[in-house]
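With chain A held as given, fit chain B onto it using these hints.
Number of protein chains: 2
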Amino acid sequence: MIIKTQDMNVEQRTGEREGTLTTLLENSQMHNKSSLFAKITLKPGRKTPYHKHEGDCEVYYIVSGHAQVNDNGSLKDVKAGDIIFTDNGESHSLENIGDTDLEFIALILKL
Amino acid sequence: MIIKTQDMNVEQRTGEREGTLTTLLENSQMHNKSSLFAKITLKPGRKTPYHKHEGDCEVYYIVSGHAQVNDNGSLKDVKAGDIIFTDNGESHSLENIGDTDLEFIALILKL
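As you go down the protein sequences, you meet chains A and B in turn. So for the first sequence, this note's numbering puts the first residue at 1; every next one is plus one. So for the second sequence, this note's numbering puts the first residue at 112; every next one is plus one.
Chain A on its own, in the form it takes in the complex (with noise of 0.2 angstroms):
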């Protein structure tokens, strides 16, 4: 099955996440291994709110720009192709740190 991007579903974004969510898959689609499955966009300055992970984890790769996340209280810079790993128990923050939008896919597995 072909799911071109301009028939996704796009929920809009206001306040501290300003921006786009994206699915990219349904959970059902995914045989519910997952609970979420998305393209995430942020404006500049806007970030996802430090938050923890229990009974799952998430991944996030990141498409285009510059951010700062929050790995489980450790802050650090992340670009275009690296990787952002959260694991049960673990928490996570990421912030647009630069001058355009921030683009990345978030893949949440339960476990």
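Simulated from the structure, these hints should not be mistaken for lab results. Mixed in with the good hints there might be a few duds.
Label-pair restraints from in silico Cβ distances [to be verified]:
#	chain 1	residue 1	chain 2	residue 2	range
1	A	GLU11	B	LEU222	26 to 32 angstroms
2	B	THR133	A	GLU11	26 to 32 angstroms
3	A	LYS76	B	THR125	33 to 39 angstroms
4	B	GLN123	A	ASP101	28 to 34 angstroms
5	A	SER74	B	LEU186	42 to 48 angstroms
6	B	LEU186	A	GLU90	40 to 46 angstroms
7	A	ILE97	B	SER204	25 to 31 angstroms
All values reported here derive from a predicted model rather than from experimental measurement. Backbone N, C-alpha and C define an ideal beta-carbon position, used for all residues, glycine too.
Frame of chain A; chain B shown alone:
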């Protein structure tokens, strides 16, 4: 955990699949829920061989380039942002029909 792109394991591939396979996360890091999580590049004119998935499903996310997919017998063009989902029992191949490298993320989920 952050994994910088320059620290990832890159396999150079030759022949029909000429390009690279960069492992994004090892299967053990993915709690063995996946059997592949990689960024794959294909040189112009190169392709992944047509193959059937049994006992798992595979997602391709096109990062950049222009490709033709054989989606279970049906030929379709795909570009950046598109998803190809090959479910258990289905088959696919992907050919770079553009002038630049094709880059995509591949994820195989075990069922």
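Status of each hint after checking the structure:
A/GLU11 and B/LEU222 have their C-beta atoms about 28 angstroms apart, which keeps the hinted 26 to 32 angstroms range intact. Under the hint 26 to 32 angstroms, the C-beta atoms of B/THR133 and A/GLU11, about 30 angstroms apart, fit the expected range. Take A/LYS76 and B/THR125: their Cβ atoms lie about 35 angstroms apart, and the range 33 to 39 angstroms holds. Separated by about 32 angstroms at the C-beta atoms, B/GLN123 and A/ASP101 satisfy the suggested range of 28 to 34 angstroms.
A hinted range of 42 to 48 angstroms holds for the C-beta pair A/SER74 and B/LEU186, which are about 47 angstroms apart. B/LEU186 and A/GLU90 have their C-beta atoms about 43 angstroms apart, which keeps the hinted 40 to 46 angstroms range intact. At roughly 40 angstroms, the beta carbons of A/ILE97 and B/SER204 sit outside the given window of 25 to 31 angstroms.
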